[in-house]
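S.K.: Residue numbering for the sequence shown follows my numbering, starting at 7 and increasing by one per position.
If you're looking for bench data, these hints aren't it; they were derived computationally from the structure.
Do not rely on the hints blindly, as some may be mistaken.
[Stated by the list, open to error] Quick list of the computed label-pair ranges, beta carbon to beta carbon:
# : residue 1 : residue 2 : range
1 : Glu322    : Ala117    : 17 to 27 angstroms
2 : Arg313    : Asn8      : 43 to 53 angstroms
3 : Ile46     : Lys276    : 35 to 45 angstroms
4 : Asn8      : Ala256    : 19 to 29 angstroms
5 : Arg313    : Glu258    : 31 to 41 angstroms
6 : Glu193    : Tyr253    : 41 to 51 angstroms
7 : Lys260    : Asn8      : 29 to 39 angstroms
By construction, the Cβ of each residue, glycine as well, lies at the ideal position given by its N, Cα and C atoms.
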Amino acid sequence: MNKLVAEDMYYLMILGRAFEYGAKENYMKGNVSGFLHLDIGQEAFSVAAIKAFEKGDIFSGYREHIMAITRGIEPKAIMAELFGKSTGVSGGKGGSMHLFEPSRFFYGGDAIVGGQLPNAVGCAYARDLQGSEEGVMVIFGDGATNGGAFFESLNIAAAHKLPLLFVCENNQYAIATKITRVAPFKEQAKKAEPYMLTYSVDGMDAEAVYECVKKAKKQIEEGHGPIFIEAFTCRYEGHSVSDSNAYRSAQEMKHCKAKDPIEYFKNELKEKWLCTDKELEEIEAKVQKTIQEAVEYAENSPQPELRVLYENVFDEEA
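Put together the whole structure using the sequences plus the hints.
M.R.: This is the structure we're talking about:
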């Protein structure tokens, strides 16, 4: 990592948090409907993992707004999608949980918990057959590690030595269920150890995540086979905006927020990369302008026409 990368990651982290607060505000106003899963508190992981992977296919779960932004999808196209507008990245059909952009090799927003895992395995198998130099990364939560598709995916990927990076974002909760209530241990990487090499990283430390993913990406693309990364994070909001988060104590949340990923990385920028307050203020000012433009774009965009309900239902070339 260098200073330019660090500054860009900081911009994306504060942009991501501002986007999430903007989405929440507009949900409360009634402009956003359906499910809305916010990524506030997990910005370091979401930005650093995507930023480090660079070229290659990415599959994710449905808490993917910040990942999509980091992958290069315009914030205004994502906000318009949340508003259900025709200018949204998925044409207004997907909403918050389905931000899909093949031109960016981003296949995000699988609404089925763990549903992205078999898809990623299939993609990695295809890339391997094609002799592609880029690997595949699949991101999922700790709750997905208890599903059958998870173990099947590990087994197939390991048996065929696929260029696939499994990345578990362990915030310790599957909706309101703490992982230790449904698994015998907190570290879900233990489930993957019989199948492949595993790494553990502090998901609240952007630089640590960036370096870990960068290293693992190089290994899978050099023929090592699949690798499993577990990043320990903490979401500040409930599972979705309809979740009051009442199952977590004030003490737990205080501990959770003690290492805010944005403030931590901001201090790193000052101390390690010698960024000045003026440089950081300029980055922050740019964020506010971007979010305002995204909301205005979404508000002013047209609703999808009725005919689009019948589009993309069948493969017309089949």
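S.K.: Among all the numbered hints in the text so far, which are the ones the structure does not match?
M.R.: 3, 4, 5, 6
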